[in-house]
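Student: Following the hints, complete the assembly by docking chains B and C onto the known chain A.
Here's the letter readout for the chains.
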Amino acid sequence: MGAIMKHLVVPIIIAAALLSLSGCKSEKTDEAAATTAAITDTGGSAAGDFGPPQGEPINAILTSPPLVPPPTGRSTPAKVIVQLEVREVEMEISEGVKYTFWTFGGTVPGSFIRVRQGDTVEFHLKNHPDSKMPHNIDLHAVTGPGGGAASSFTAPGHASQFTFKALNAGLYVYHCATAPVGMHVANGMYGLILVEPPQGMPKVDKEYYVMQGDFYTVGKYREKGVQPFDMQKAIDENPTYVLFNGSEGALLGDNALKLNVGETVRMYVGNGGPNLVSSFHIIGEIFDKVYTEGGSRYQENVQTTLVPAGGSTIIEYKAEVPGTGVIVDHSIFRAFNKGALGMVKTSGPENKAIYSGKEVDSVYLGDKAVSAAPVAAAATATAGGVLTLAQQIKAGEALYNGTCSVCHQSNGDGIPNVFPPLAKSDYLNADKTRAIGIVLNGLNGPVTVNGAKFDSVMPPMSQLNDDEVANIVTFTLNSWGNKGGRVTAADVAQVRKATPRPQGAAH
Amino acid sequence: MRSVLLACCLFSTASFAGSAYVRVPAGGFSSVLKYEDSKGKQKIVGFELMKNPVTNAQFLAFVRKYPQWQKGKAPKAFAEPTHYLSHWQSALVLGGKVKPQQPVTQVSWFSASAYCEAQGARLPTWNEWEYTAAADRTRHDARKDPAWRESILGWYAKPSNTPIADVGKTPANVYGIQDLHGLIWEWTEDYSAMLVSADNRNQSDPDKSKFCGASALSMADKENYAVMMRVAMLSSLEAVNSTSNLGFRCAKPLP
Amino acid sequence: MKKLLFALFFCFALTTNAATPLPGDSVLQINNTFTNQDGKNFKLSERRGKPQLIAMFYTSCRYICPLIIDSGKGVDNSLTPAERNNLSILLVSIDPKRDTPKALMYIVNKRKLDTKRWTLARTDEKGVRTLAALLGVRYRMLDDGEFNHTSALILLDAEGRILARTETLGSKPDPQFLVAVKKALAPTGKR
Chain A
-5 MGAIMKHLVV PIIIAAALLS LSGCKSEKTD EAAATTAAIT DTGGSAAGDF GPPQGEPINA
55 ILTSPPLVPP PTGRSTPAKV IVQLEVREVE MEISEGVKYT FWTFGGTVPG SFIRVRQGDT
115 VEFHLKNHPD SKMPHNIDLH AVTGPGGGAA SSFTAPGHAS QFTFKALNAG LYVYHCATAP
175 VGMHVANGMY GLILVEPPQG MPKVDKEYYV MQGDFYTVGK YREKGVQPFD MQKAIDENPT
235 YVLFNGSEGA LLGDNALKLN VGETVRMYVG NGGPNLVSSF HIIGEIFDKV YTEGGSRYQE
295 NVQTTLVPAG GSTIIEYKAE VPGTGVIVDH SIFRAFNKGA LGMVKTSGPE NKAIYSGKEV
355 DSVYLGDKAV SAAPVAAAAT ATAGGVLTLA QQIKAGEALY NGTCSVCHQS NGDGIPNVFP
415 PLAKSDYLNA DKTRAIGIVL NGLNGPVTVN GAKFDSVMPP MSQLNDDEVA NIVTFTLNSW
475 GNKGGRVTAA DVAQVRKATP RPQGAAH
Chain B
851 MRSVLLACCL FSTASFAGSA YVRVPAGGFS SVLKYEDSKG KQKIVGFELM KNPVTNAQFL
911 AFVRKYPQWQ KGKAPKAFAE PTHYLSHWQS ALVLGGKVKP QQPVTQVSWF SASAYCEAQG
971 ARLPTWNEWE YTAAADRTRH DARKDPAWRE SILGWYAKPS NTPIADVGKT PANVYGIQDL
1031 HGLIWEWTED YSAMLVSADN RNQSDPDKSK FCGASALSMA DKENYAVMMR VAMLSSLEAV
1091 NSTSNLGFRC AKPLP
Chain C
28 MKKLLFALFF CFALTTNAAT PLPGDSVLQI NNTFTNQDGK NFKLSERRGK PQLIAMFYTS
88 CRYICPLIID SGKGVDNSLT PAERNNLSIL LVSIDPKRDT PKALMYIVNK RKLDTKRWTL
148 ARTDEKGVRT LAALLGVRYR MLDDGEFNHT SALILLDAEG RILARTETLG SKPDPQFLVA
208 VKKALAPTGK R
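Residue numbers (the numbering used here), protein chains in the order written: chain A, -5 to 501; chain B, 851 to 1105; chain C, 28 to 218.
One chain only, chain A, in its complex shape (with noise of 0.2 Å):
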């Protein structure tokens, strides 16, 4: 081997050396990573067939909104038969105002159907015979043509049947798809179907269905009478409601969700669309889990989750303290001009650790406000004994601008014709006891200070104790010219037995 190629052996095998090594690094993390990841996938549709259906065949038991069935407590594939009905219902979408829905089960939105993965649902969809359209159901947890629509088109008083296994776990929207089919999902054609996962929903205390739709009409937002569907508002995106459950009342008053503190609650949240997006928030509490878009994951500590337009989320939440949270599509507009707003209405015990309610009310000076330090001295002092004049007077002018200058000014002038002077003003100068109960107790009605005429209302300094009038009456006497002086704590107590107080006063 020649000189060169000699210094060169050292450096390649190091080099080979750290590229192997890397190479041994990644696969290994690689391979940790591929572990992990197959440990908690579900395995999709793939793994979703659990075998032809056992036992019994059971009638799902379907709910309207706020309400969801009870869990299916299967550990077995069943076969379940849902028998699901449309009804063309006029019902009040907000107070005196009426709307043509079209619905499934004659709610929007419709019934809540429950069933487990590897489940073989024979669906039967009715259209009820005063029915004016033939409408069909497109479920996103089937997988097939249309998701069921191209076998469910259905004339009014007719019946269709088909038949599906539904292989993926996961909360889904479901859906008329019969033309124009946003005109049918404008109408309130859309409802939620749970594929509960083979080992079933974790327990909680409360579980909930809300679902968020846009709705189009011809009149404004609460024009009273019968309101036709927009289609042109449609298809600009320009809702005039925007509402959870299909009414403005539908989770207000009565109709909150109810939950107790110290309770677990889930709420399956779909959003029917047509065309909006939600920004799902409720005010006052944070999301602990957010199954995001109903599917098989969660994130932790959420605030506000999107809701895609025929998608859904699942949140759980603890109830920590009593209140109502309200609950809100955060495109904030819309919860307060166009009805995105409900409530969850959580009763119990407070905990004031959590949240305290209000606990203080107290003045803000915001820059009005001076040191306080003399006032503290002037306390000090005359806890001690030993006020001097020079102290009230520093601690007067402190809290004379506090509180006084508002009107009279800093500088004592006052407001030509609205607010008396209080510099070099004869009035005062007069009669200091007068001034002391002008203090204590307002003043209404005219008086001439320095030849000009002022009426206008002085409120009772209510709020001032007997140090503080003396300290701020001491200081304008010995300012702007005035005549000088010296009021006591004790002059001003005289005062104050001496006088009564005008209504409204506090003391």
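In short, the hints are calculated from the structure, not lab data. Heads up, a few of these hints could be off.
[Claimed, not checked] Computed beta-carbon distance windows for the label pairs:
id, chain 1, residue 1, chain 2, residue 2, range
1, B, Gln951, A, Asn249, 42 to 48 Å
2, A, Asn249, B, Gly1004, 27 to 33 Å
3, B, Trp1005, A, Asp43, 19 to 25 Å
4, A, Pro46, C, Thr142, 41 to 47 Å
5, C, Pro93, B, Ala876, 34 to 40 Å
6, C, Ala213, A, Arg291, 51 to 57 Å
7, C, Lys124, B, Gly922, 36 to 42 Å
8, C, Glu194, B, Ala876, 35 to 41 Å
9, A, Lys92, B, Ser940, 45 to 51 Å
Ideal placement from N, C-alpha and C gives every residue a C-beta, glycine not left out.
Tutor: Only chains B and C this time, still in chain A's reference frame:
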């Protein structure tokens, strides 16, 4: 010579002649349905169409004369027993809730065809119906007018809890024909030619094997929801079906 | 002369076959006259008495119709000789203008159909509409004379009532449909 059949009186048993026929002249026409095979306009040959849909009174006279079409007697294959004339009190009695001048509903395609044939007429084709219904009071083709569309959509939005109005109460269109909108759905001779996929979202993707060389029946004018909904309705029906909002009128060739 | 639809089932009482009227849901109640590949006229009620397969097609169909014949043959081939004897197959054209008896015979020969059991027939336009409506077949004539139509093979019992239908076409028969056919042909079955 134009044959004019007078509108019959209430409870007429002498003849079940339908209401007057009105002449609809020939014309070119762009259907809102886009037939992949046709190149644009359809040609409508002139024909006559009933001014109003067939009424309860007229259909009652028909089943008096042809008892095999009475409720309870019509064979299952031609009229589904649960629905056929189910709102009538009995086979030959309308009953208090059913008014003679309301359009007859709960009739199957077979029974509607039979009625028309009994007077030497037939059901109109979809194209003839759409052509005539495109008109409003002043225009032959009002379909592009958003106000016209909204007013039709308005009827679809109303629930069926109010009784159907009598025929002849809506203003006649420019041809002189009434009640094409806002009253009932109407059978056509070729309702079964509405070859639309039951899942209406697949419109532009024809299932060639399902419809044998399917030429997709899609919407040329996607904004004409009024017509889209009529097509959806007809495509959901079998000939033997009837619904509480579905009636008919007859057509015949020019004399 | 145009047949009046409302006189449809006046004639069932006059058929030579049966004294009792056809059941209310029988397809054979249709009163229109049909003509077979030999030019012979007949009524559907004359085919009462044995189960049969029925379908609608047209001879110049390029896409699916050949498969309809394959489907019929496929069912045939899955039957025992005894079963085959009891089953007849009727194909009716939706294109009466072009499908004359001669055109029908052409197909019979081309596909080597046994006319003892296979019948290809035509009727007038009104008859086509009515039969299609009874069978739930939908069709539309295109500008070029072709047709769009749904394709189904339908099993009728001996009285003409619909027992089963399949839209799965081809020489390999739809298994569920085949079960229904065999059941209908079983000796203790329907009459």
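Student: Give a verdict on every hint.
Tutor: Tested hints:
1. B:Gln951 - A:Asn249: 42 to 48 Å: With Cβ atoms ~45 Å apart, the hint holds.
2. A:Asn249 - B:Gly1004: 27 to 33 Å: holds, 30 Å
3. B:Trp1005 - A:Asp43: 19 to 25 Å: violated, 46 Å
4. A:Pro46 - C:Thr142: 41 to 47 Å: Distance hint for Pro46 of chain A, Thr142 of chain C holds at roughly 45 Å.
5. C:Pro93 - B:Ala876: 34 to 40 Å: 39 Å Cβ-Cβ, so the 34 to 40 Å window holds.
6. C:Ala213 - A:Arg291: 51 to 57 Å: This hint holds: roughly 55 Å between Cβ atoms.
7. C:Lys124 - B:Gly922: 36 to 42 Å: holds, 39 Å
8. C:Glu194 - B:Ala876: 35 to 41 Å: Roughly 39 Å apart at Cβ, these two residues keep to the hinted range, so it holds.
9. A:Lys92 - B:Ser940: 45 to 51 Å: violated, 36 Å
Hints 3 and 9 from the earlier list are contradicted by this structure; the remaining hints agree with it.
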